Amino acid sequence: MHPKTIVLVTCVKPKRNQKSAAKDLYQGELFEQLMNYAHSLNPDQIFILSGKHHLLHLETEIEPYDLNLNHQSEEALIAWSNKVLQQLAQIADLRKDLFVYLTNDVYRKYLSQHTPNFKVPFVID
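Counting from 1, one number per residue, gives the positions in the sequence shown under my numbering.
Quick caveat, the hints were computed from the structure, so don't treat them as lab data.
A quick note: this is a predicted structure, and the numbers were derived from the prediction, not measured.
Mixed in with the good hints, there may be bad ones.
Derived DEER-like restraints, expressed as beta-carbon distance ranges [to be verified]:
#: 1; residue 1: 52; residue 2: 113; range: 28 to 38 Å
#: 2; residue 1: 2; residue 2: 67; range: 31 to 41 Å
#: 3; residue 1: 60; residue 2: 14; range: 29 to 39 Å
With a cut-off of at most 25 Å between alpha-carbon atoms, the simulated SDA-like pairs for lysine to any residue come out as follows [what the hints assert, rightly or not]:
#: 4; residue 1: 83; residue 2: 21
#: 5; residue 1: 4; residue 2: 71
#: 6; residue 1: 23; residue 2: 71
#: 7; residue 1: 19; residue 2: 59
#: 8; residue 1: 52; residue 2: 79
#: 9; residue 1: 15; residue 2: 36
#: 10; residue 1: 83; residue 2: 58
#: 11; residue 1: 13; residue 2: 87
#: 12; residue 1: 109; residue 2: 19
#: 13; residue 1: 23; residue 2: 75
Just so it is clear, CB atoms sit at the ideal spot from N, CA and C, and this is done for glycine as well.
With the hints as extra help, turn the sequences into a complete structure.
Structure representation (C-alpha cells):
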C-alpha cells in the first residue's frame, strides 16, 4: 500500500456567523487560497486544523467560535496536538504517510515531531 498524502489546512479567524460545513465556515482570501492549493495537490485527504475542534473533515458541520492557538500556553498546545495526533492515527500512518502542513508554526510545531514525512510548502504567519 502506497503512503497517502494528507493536507492539513489551518483554520482562520474570519468565519460565517452561522453553523456551516467546516470548508464553508472559514472565510477570507487566505483560507480560499490555502484550500485551492490543497486541492491542487490532489491529495488522498484534506483536513482543517481547528483550535477548538482539532481535526475537522471538510463536511463536518460546526458553529462559529473564537479560539486561536496562537494565544494558548505550551501545555494547551501540547494537549491540542496530542488530540489531533490521536485523530490522525485512526485514519493515517503517522510514520509513513506524507503530511503537507498549510499552517503556521504554532499549529504544526508538536504535530510534525510525530509525522517524520512532512512538507511545509510555504510560511504562514
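Here is how each hint holds up against the structure:
| no. | hint | verdict |
| --- | --- | --- |
| 1 | 52 x 113: 28 to 38 Å | violated, 22 Å |
| 2 | 2 x 67: 31 to 41 Å | holds, 36 Å |
| 3 | 60 x 14: 29 to 39 Å | violated, 18 Å |
| 4 | 83 x 21 | holds, 21 Å |
| 5 | 4 x 71 | violated, 32 Å |
| 6 | 23 x 71 | holds, 23 Å |
| 7 | 19 x 59 | holds, 12 Å |
| 8 | 52 x 79 | holds, 12 Å |
| 9 | 15 x 36 | holds, 17 Å |
| 10 | 83 x 58 | holds, 18 Å |
| 11 | 13 x 87 | holds, 23 Å |
| 12 | 109 x 19 | violated, 29 Å |
| 13 | 23 x 75 | violated, 28 Å |
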